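Enquirer: Make one complex out of these two single chains by using the hints.
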Amino acid sequence: MYTQGLDSLGKDCLASTSAETAALNERFEAKIARDERIEPKEWMPDAYRQTLVRQISQHAHSEIVGMLPEGNWISRAPTLRRKAILIAKVQDEGGHGMYLYSAAETLGISRDELVLQLLAGTAKYSSIFNYPTLTWADIGAIGWLVDGAAIMNQIPICRCSYGPYARAMVRICREESFHQRQGFEIMTTLAKGTPAQRAMAQDALNRWWWPSVMMFGPSDVDSKHTAQSMRWKIKRFTNDELRQHFIDVTVPQAEFLKLVVPDSKLAWDEAAQHYRFGEIDWSEFHSVIKGHGPCNRERLEARRRAHEEGRWVREAASAYAEKERARAAAA
Amino acid sequence: MTTSPDWPLFEVFIRARSGLEHKHVGSLHAVDARMALEHARDVYTRRLEGVSIWVVRSSEIAASDPLDADAFFEPARDKVYRHPTFYTIPEEVKNL
Numbered sequence: 001m002y003t004q005g006l007d008s009l010g011k012d013c014l015a016s017t018s019a020e021t022a023a024l025n026e027r028f029e030a031k032i033a034r035d036e037r038i039e040p041k042e043w044m045p046d047a048y049r050q051t052l053v054r055q056i057s058q059h060a061h062s063e064i065v066g067m068l069p070e071g072n073w074i075s076r077a078p079t080l081r082r083k084a085i086l087i088a089k090v091q092d093e094g095g096h097g098m099y100l101y102s103a104a105e106t107l108g109i110s111r112d113e114l115v116l117q118l119l120a121g122t123a124k125y126s127s128i129f130n131y132p133t134l135t136w137a138d139i140g141a142i143g144w145l146v147d148g149a150a151i152m153n154q155i156p157i158c159r160c161s162y163g164p165y166a167r168a169m170v171r172i173c174r175e176e177s178f179h180q181r182q183g184f185e186i187m188t189t190l191a192k193g194t195p196a197q198r199a200m201a202q203d204a205l206n207r208w209w210w211p212s213v214m215m216f217g218p219s220d221v222d223s224k225h226t227a228q229s230m231r232w233k234i235k236r237f238t239n240d241e242l243r244q245h246f247i248d249v250t251v252p253q254a255e256f257l258k259l260v261v262p263d264s265k266l267a268w269d270e271a272a273q274h275y276r277f278g279e280i281d282w283s284e285f286h287s288v289i290k291g292h293g294p295c296n297r298e299r300l301e302a303r304r305r306a307h308e309e310g311r312w313v314r315e316a317a318s319a320y321a322e323k324e325r326a327r328a329a330a331a
Numbered sequence: 001m002t003t004s005p006d007w008p009l010f011e012v013f014i015r016a017r018s019g020l021e022h023k024h025v026g027s028l029h030a031v032d033a034r035m036a037l038e039h040a041r042d043v044y045t046r047r048l049e050g051v052s053i054w055v056v057r058s059s060e061i062a063a064s065d066p067l068d069a070d071a072f073f074e075p076a077r078d079k080v081y082r083h084p085t086f087y088t089i090p091e092e093v094k095n096l
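Chains as they are written, first to last, in my numbering: chain V, 1 to 331; chain D, 1 to 96.
Please keep in mind that the hints were generated in silico from the structure rather than gathered at the bench. Be aware that one or more of the hints could be misleading.
DSSO-like mimics (lysine-lysine), calculated; alpha carbons at most 27 Å apart, straight line [to be verified]:
# : chain 1 : residue 1 : chain 2 : residue 2
1 : V       : K224      : V       : K290
2 : V       : K31       : V       : K224
3 : V       : K31       : V       : K41
4 : D       : K79       : D       : K94
5 : V       : K31       : D       : K23
6 : V       : K31       : D       : K79
7 : V       : K258      : V       : K192
8 : V       : K31       : V       : K233
9 : V       : K41       : D       : K23
What follows is a set of in silico ranges between Cβ atoms, one per label pair, in the way DEER data are often shown [to be verified]:
#  : chain 1 : residue 1 : chain 2 : residue 2 : range
10 : V       : A271      : D       : D65       : 49 to 57 Å
11 : D       : I61       : V       : R174      : 22 to 30 Å
12 : V       : E309      : D       : E21       : 39 to 47 Å
13 : V       : K265      : D       : D65       : 53 to 61 Å
14 : D       : D68       : V       : S283      : 46 to 54 Å
15 : V       : R27       : D       : S52       : 37 to 45 Å
A short, non-exhaustive set of chain D residues, derived as facing chain V with CB atoms under 7 Å [what the hints assert, rightly or not]:
#  : residue
16 : G26
17 : S27
18 : H29
19 : V31
20 : D32
21 : V43
22 : P66
Keep in mind that this is a model prediction, so the values were computed, not measured. Quick reminder that beta carbons are idealized off the backbone N, C-alpha and C, glycines included.
Just chain D, same shape as in the assembly (with noise of 0.2 Å):
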């Protein structure tokens, strides 16, 4: 005995206010795109918590491996030069 139709999965993101950027919220399932948005607006935003919201099958998202974080992720470790506090200004020198 099955108790639903096997359904994708879909991420849902919120752009909460205009000139934000849209952040991911969580998941649903939806026959298709168009009721994977009705149901993330009816799942999450029952208080107005968006006025857009994006939605996109969770099996067509790629991600990093957390398994290989530190290796991915090495190549920015060694750089501090990238942050504006590595580099000494003299005091009286202004507006730098």
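Pulled out of the complex, with its shape left as it was, chain V reads as follows (with noise of 0.2 Å):
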């Protein structure tokens, strides 16, 4: 991933006349039409590129703040063997932003821009880590559901037309699996005991499915960037048809723990060989995603305040970097 190169790439582009744009964009489609990739070098039109900086930041992001939620549960999971399990899970999005950070700066955006946007908060991220963990079964929940709609989404992108983006998301959809499946493990331990932890795992599904089902984002109707976004091969099925399979696969699941799906109209569509479901509350997507759910202003707090913090661990290492060189210069 040589972010570097792009600065003298991109000085290039605006010189070229219109002629040669036109020739560049034809060897780009006709790329994109033989189904192969784009890699960070090579031309490719600004909308695409910007397309791309905007999906992959989102996504680096959603793991960063991702992060938070769980992170609540460290200190409080109910055995050494969950607490590891945690730490490791969430040390993976850690990595996860930071593979998607490194795939997105190829694209000409520094990785200091791309902090700031999440500290302004004018970056978005998943509407999902915009809710809160009030019990231990919501790490189940966010696990089975959170991850398992995660995992959906991803696994289309590995075949992404773009060559860093896709390369970071099979290296991340390796490691997801272990994530869904740990949550599925909590959650069939609660459903299988007291009945007062039936009642929790109960709880957290009523609380997290709508949720999750909303994370594929906006109906195909209202979605302003499928269309341009499948035709670049960046999306390879439509928000819709990626939520439908979702549900078809989840509700089997929860059928087998024993656990009510919180949605009225639910109903196995035999000619279709589909759940079809009930409506979705938009109102409540958006108004999430503009900043009004339960916790955006905690998350965004507790990711400056951990920026802050580890300030003087950033200073140290490079006043002691500078030191270093002074010596070997000096020797």
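Expert: Structural data, given as structure tokens:
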């Protein structure tokens, strides 16, 4: 991932005539049509670059903010085994954020800008992380539903036309499947437990079901970016297709747990071989995205605090490296 | 306001197992090579994905220009005789 090379490429692009641009664009479109990957130093239309920066950075921010709801339970995990697993999972999310920031940087945006956008509150991230984790069962529900939805979204991105994003996603998907399984294991344990534990599992499902279903984004008719992203092979399936697939595979899992999905309209459609489901409350979705979810402010404050409290570490590392360089130069 | 010090970018290469070559896996920011190695371990080998790591500053890598790829690799294009399948050998001849 060679970020630096992009600056000069950008200037060349500005200087090129429209005939040259047309030829470059034709070459780009032909590569997309042949299902070839686009790599960082290659010419690409500005809109393609902007779309990727937007999508990859939102994805990266989601991983980083996604550490917070679960981090909330590390110190209160019920056993040492659960605690070790949760720490590993949260560490993975941090790692995934790093892979994705690196992928975004290959498009010419700096890490500093990306972090700044998140801390300033101007960047978007997945709406799901603005919901609170009230009980231990929420950690189970997040792994099972939220990571389940995330995996469903991410697997097609492994074939994304932009090489660095696709490669980061292969790595992420490989690591995420343990996330979903550990969540389902927590749910299984609670569902087989005391009546109080069962109730806790059901309550978590009640609160996380609809936000998870909303994770696939706005309905196809309202999605601004879907058509173009599919043409560019950044996206391979529409939001509604992925949402339907998620519901189809998840409902039987809930049945196995003998838990009730909180949707009175949910019904199996034998002819279509799909579950029909109730109306999604899009006003809630848009309100959370705009910053009015239950935890938006808390999440950003936690990120800002972590960034400030880590400042001395970064400064000390810079100072130490400077001193080492001076020492080496003097020797 | 800047958020973080301007640490250089490093490319990370990992040898998955003894006997294999190092392969590019991604990149990261670090203040120096030593920190880059430690961060590469934490970011790219949490599941024992490697037995050896190389890091190199991204600015030190020279790369061929994708726009010139056709011309750059053209000399090898018309030399099919460099491949063993180019040659016809009678079927009765063995071990060749």
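Enquirer: Of all the hints numbered above, which does this structure not satisfy? Sort the numbers upward.
Expert: When the structure is compared with the hints, none of them turns out to be violated.
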